[in-house]
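Peer 1: Residue strings, one per chain:
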Amino acid sequence: MADRAQPLRSRWGLGVAACVAALILGALAAVVWRAEVGRGLGFADWAAIRFTLMQAVLSAVVSVVLAVPVARALARRRFPGRRLLIALMGAPFILPVIVAILGILAVFGRSGWLSDFLGLFGFEPVQIYGLHGVVLAHVFFNLPLATRLILQGWQEIPAERFRLAAQINADSRAMWQLLEAPMLRQVVPGALAVVFAICLSSFAVALTLGGGPRATTIELAIYQAFRFDFDLGRAAMLSGVQLLLTGGAALVALRVATGEGFGAGLDRPVRRWDGRGSLARVADAVCIIGAAVFLLLPLSAIVISGLPGLVSMGASVWLAAVYSALIAGVSTLVLLAMALPMAVAVALGRGGLVELSGLLGLAVSPLVIGTGLFILIYPVADPFALALPVTAMVNALMSLPFALRILIPRVREILARYGRLAMSLDMRGWVFVWRVLLPRLRPQIGFAAGLAAALSMGDLGVIALFADSETATLPLQVYRLMGAYRMEAASGGALLLLCLSMGAFYILDRGGRRHAET
Amino acid sequence: MKHLVLAAGLLGATAAYADTPELIVYTYDSFVSDWGPGPAVEKAFEATCGCDLKLVGAGDGAALLARVKLEGARSDADVVLGLDTNLTAAAKATGLFADHAVSADYALPFAWEDATFAPYDWGYFAFVHKAGMDAPANFAELAESDLKIVIQDPRSSTPGLGLLMWVKAAHGDKAPEIWDGLADNVLTVTKGWSEAYGLFLEGEADMVLSYTTSPAYHLIAEEDDSKAAAVFDEGHYMQVEVAGKLANSDQPELADQFLAFMVSDAFQSVIPTTNWMYPAVTPADGLPKGFETLVAPEKSLLLSEDEAAALRDVALDEWLTALSR
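Protein chains in written order, with the working numbering: chain A, 1 to 518; chain B, 1 to 325.
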């Protein structure tokens with residue numbers, strides 16, 4: 001099918017998508033190629049697959065169900081510090097797992113704040129280890145992301161729609177039926193798929209908070225296949241299973257998420273006339289404060305434990321911070337170069353395969369991608385020399401699915417709204433991109449770039465496989481500090497990481513939103 | 001003009017640098033960190049060898065072996081430092097390692113007779129707890145107590161694998177019963193040592209699987225004597241960390257020189273307070289002050305590398321079965 005008369009073509013996006021798919025599947029194929037005949041999937045692997053599915057489904061559902069009221073409350077309310085709160089809430093997502101876990105435990109652990117508090121009234125300490133602990137941690141990680149993705153959906157409903165709804169005296173309930181529920185039907189499946197895919201590859205969280213080998217995930221099984229058995233065939237096979245599960249979830253989500261956009265608006269700031277009753281106010285306040293407390297308490301614990309360590313970290317930690325920032329910068333640029341054409345291709349109706357190839361970055365274990373790239377690169381170049389570019393590239397692939405989810409709805413809307421006008425003015429190609437697409441896409445680009453930068457900053461990923469002693473990123477350096485018993489300095493490093501990631505996210509996201517909304 | 005001179009000087013320096021032979025040593029992450037032995041070792045060796053020593057960190061011991069297997073015969077590495085005796089059988093099976101010519105007066109509790117790998121440090125696995133706690137004296141007492149422990153997953157970490165071997169070496173066929181008893185004491189299992197020790201310091205667990213030398217770090221580096229290691233009367237399993245040279249090294253002489261340097265005083269004397277393990281050869285000045293306070297097990301346990309390799313899968317199955325109920 002040729003593209004309909006549109007100012008942009010999908011071939012760039014299709015090309016990029018093909019490259020992404022080739023890179024990731026190529027890495028997977030390289031692992032298979034190097035594999036000797038392994039012992040196949042055993043009983044334990046199937047148990048791991050079952051557990052992985054169960055915890056990922058639970059985590060995705062709980063995260064998204066809680067995110068809907070929080071996003072709604074944030075969409076309806078304007079208060080001082082709202083943007084800062086939204087940015088801060090994004091922090092858990094980008095922390096090294098061990099740091100985030102220690103933050104959670106400082107609040108919910110056996111000797112955490114909550115247990116101490118309950119102890120005052122003679123209660124037993126909270127029991128966090130088990131499936132509920134895994135889900136709690138995953139909600140901590142993913143609630144902010146789900147909230148932002150859904151909030152995005154709310155903000156894409158043109159202000160005029162709300163104005164119109166208010167004019168016909170629609171109450172909250174009618175507003176919900178007319179505007180909000182249809183929007184959610186479009187946005188929620190995507191959010192579910194993304195959170196599910198993230199939780200699918202969880203490993204350290206599930207193991208630590210799951211309480212033991214019962215909580216074995218596919219990712220741990222892959223790790224074991226690599227490290228314990230050096231069975232590349234089994235690692236690749238398990239990776240294939242992970243790929244199928246993520247791909248399946250994505251297909252379901254894409255199929256469900258159909259429907260028309262909300263039509264054109266004039267980009268006026270949204271004003272809401274519903275939710276002015278005191279009951280709605282209280283409900284929104286409960287949602288916002290509840291989410292803020294849940295997310296910010298563990299972060300405060302990280303800040304408190306990190307402050308004393310900031311002075312004792314040494315120059316190498318700061319150097320690692322520079323490396324991390326550098327990788328994050330490059331990675332963000334690579335991400336945008338991939339995500340924008342792909343988003344356009346999807347918006348032009350070349351959906352399925354392009355979006356699927358975007359999800360591959362989440363679906364294939366970073367360990368497998370890293371090892372595959374290592375096998376591919378090793379014969380032709382020095383892996384150490386390529387540590388930084390490869391890390392930047394893989395990090396960009398990891399944030400691609402999020403970026404696509406953020407960009408696609410808006411690109412679709414822009415094309416629907418301005419496509420015909422642009423064609424009638426014979427405005428196409430780069431001119432359309434510069435004059436129409438990019439300016440209107442700024443908030444989404446800022447959000448996606450912020451997320452990519454922050455994710456890249458916090459990622460341990462492939463650097464561990466490629467790094468020599470001189471080029472360590474900040475998360476790797478934090479682990480090294482811990483390995484040398486320097487827990488205080490490690491906490492300091494973690495705090496620095498938190499600040500850098502948050503800073504990068506805040507600046508990019510804020511920059512994108514200037515002019516857009518107050 | 002000044003810039004030109006500077007540029008020429010730099011170029012000259014790079015050219016001179018390029019003539020220096022390079023010895024590449026793969027090791028684990030905490031060895032190469034600024035707080036590990038890496039920097040001191042690199043400085044001391046480069047002062048004698050007229051070479052450039054490049055230390056490359058690759059995860060932990062198990063990851064190190066995986067890395068070497070991945071690279072195979074074409075590996076750039078000349079020496080691999082940081083495997084332990086639970087991994088050496090698998091390492092030898094790759095056929096990638098060559099015999100060494102190191103001899104030394106080892107301070108190990110047993111005679112070292114391995115032609116391929118030479119030891120550089122060792123330690124006893126032990127459960128570390130807060131000083132003053134009434135610690136159990138063996139696995140059975142631990143199993144009966146209400147104490148909560150954090151251990152590492154044997155599938156992803158060398159201490160975790162060490163614990164499996166400890167229980168196996170001490171209790172043999174009774175290992176499954178020991179694990180059944182311990183199951184309700186295991187608060188949680190972590191991916192690696194850092195996570196587990198972090199949880200313990202946060203106060204989550206009463207005890208953590210670590211080393212008898214762990215309290216030395218707190219005592220010497222932090223002047224904190226609040227940590228102690230429990231002595232178990234069935235004996236303590238040892239971790240002996242070793243290095244070997246690769247058969248396809250392009251710098252075999254330098255690699256030999258490095259392995260000889262590894263058991264010399266310059267290397268061994270930095271081990272206790274950087275790697276926080278016992279040095280394989282007692283340094284001329286003895287162990288640092290503070291090490292005399294550490295508990296010494298009456299009985300050392302160590303399975304031979306072949307036994308360890310043969311028992312690995314069985315022990316893992318027993319462990320998984322007991323803890324998955």
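Think of the hints as simulated: they come from the structure by calculation, not from any bench.
All figures in this text were calculated on a predicted structure; none of them were measured in a lab.
Some hints here could point you the wrong way.
Simulated pairs of lysine to aspartate or glutamate, DMTMM-like, Cα-Cα distance not exceeding 25 Å [to be verified]:
#1 B:K92 <-> B:D306
#2 B:K227 <-> A:E488
#3 B:K69 <-> A:D229
#4 B:K174 <-> B:D225
#5 B:K69 <-> A:E488
#6 B:K148 <-> A:D116
#7 B:K54 <-> B:E234
If you want the ones that stay clear, here's a sample from chain A, every Cβ over 12 Å from chain B, calculated [claimed, not checked]:
#8 W12
#9 L164
#10 R227
#11 A490
Label-pair restraints from in silico Cβ distances [claimed, not checked]:
#12 B:D146 <-> A:V61: 30 to 38 Å
#13 B:E298 <-> A:C499: 43 to 51 Å
#14 B:D146 <-> A:V322: 45 to 53 Å
#15 B:E223 <-> A:G130: 34 to 42 Å
#16 B:D146 <-> A:H132: 34 to 42 Å
#17 B:E177 <-> A:A283: 52 to 60 Å
#18 A:G42 <-> B:E46: 45 to 53 Å
#19 A:V293 <-> B:S226: 31 to 39 Å
#20 B:E253 <-> A:G352: 56 to 64 Å
#21 B:E177 <-> A:V293: 40 to 48 Å
#22 B:W112 <-> A:V293: 52 to 60 Å
#23 A:W12 <-> B:A47: 43 to 51 Å
#24 A:I304 <-> B:D134: 37 to 45 Å
From the three backbone atoms N, C-alpha and C, an ideal C-beta is built for every residue, glycine too.
Peer 1: Each hint: holds or not?
Peer 2: Hints and how they fare:
1. A C-alpha spacing of about 11 Å is found between K92 of chain B and D306 of chain B, which places the hinted pair at or below 25 Å, so the restraint holds.
2. A distance of roughly 16 Å separates the Cα atoms of K227 of chain B and E488 of chain A; the hinted pair therefore holds under the 25 Å criterion.
3. For the hint linking K69 of chain B to D229 of chain A, the alpha-carbon distance of about 11 Å falls within 25 Å, and the restraint holds.
4. Under the criterion of a C-alpha separation no larger than 25 Å, the hint pairing K174 of chain B with D225 of chain B is inconsistent with the structure, at around 36 Å.
5. Between the alpha carbons of K69 of chain B and E488 of chain A the distance comes to roughly 35 Å, so the proposed pair goes past 25 Å and is violated.
6. A distance of roughly 18 Å separates the Cα atoms of K148 of chain B and D116 of chain A; the hinted pair therefore holds under the 25 Å criterion.
7. The straight-line distance between the Cα atoms of K54 of chain B and E234 of chain B is roughly 41 Å, outside the 25 Å bound, and the hint therefore fails.
8. For W12 of chain A, the condition that its CB be more than 12 Å from all CB atoms of chain B holds, with the nearest at approximately 35 Å.
9. Non-interface call for L164 of chain A relative to chain B: holds, since the shortest CB-CB distance, roughly 54 Å, exceeds 12 Å.
10. The beta carbon of R227 of chain A sits about 5 Å from the closest Cβ of chain B, which is not more than 12 Å, so the claim that it is off the interface is violated.
11. At roughly 8 Å, the least C-beta separation between A490 of chain A and chain B is not larger than 12 Å, which violates its mark as non-interface.
12. Between D146 of chain B and V61 of chain A the beta carbons are some 35 Å apart, a value that agrees with the proposed interval 30 to 38 Å.
13. The hint said 43 to 51 Å for the Cβ distance between E298 of chain B and C499 of chain A, and at roughly 50 Å that hint holds.
14. A hinted range of 45 to 53 Å holds for the C-beta pair D146 of chain B and V322 of chain A, which are about 48 Å apart.
15. Between E223 of chain B and G130 of chain A the C-beta distance comes to about 38 Å, which sits within the given range of 34 to 42 Å.
16. A beta carbon spacing of about 22 Å between D146 of chain B and H132 of chain A contradicts the range 34 to 42 Å that was offered as a hint.
17. Separation of E177 of chain B from A283 of chain A is about 55 Å and conforms to the stated range, judged on CB atoms against 52 to 60 Å.
18. As the Cβ distance of G42 of chain A to E46 of chain B is approximately 48 Å, the hint placing it in 45 to 53 Å holds.
19. At about 32 Å, the CB distance of V293 of chain A to S226 of chain B agrees with the hint of 31 to 39 Å.
20. As the Cβ distance of E253 of chain B to G352 of chain A is approximately 60 Å, the hint placing it in 56 to 64 Å holds.
21. At about 46 Å, the CB distance of E177 of chain B to V293 of chain A agrees with the hint of 40 to 48 Å.
22. At about 57 Å, the beta-carbon gap between W112 of chain B and V293 of chain A stays in the expected band of 52 to 60 Å.
23. For W12 of chain A paired with A47 of chain B, a C-beta distance near 56 Å fails the hint of 43 to 51 Å.
24. The given range of 37 to 45 Å is broken by I304 of chain A and D134 of chain B, whose C-beta atoms sit roughly 31 Å from each other.
Checked against the numbered hints above, the structure violates hints 4, 5, 7, 10, 11, 16, 23 and 24; every other hint is satisfied.
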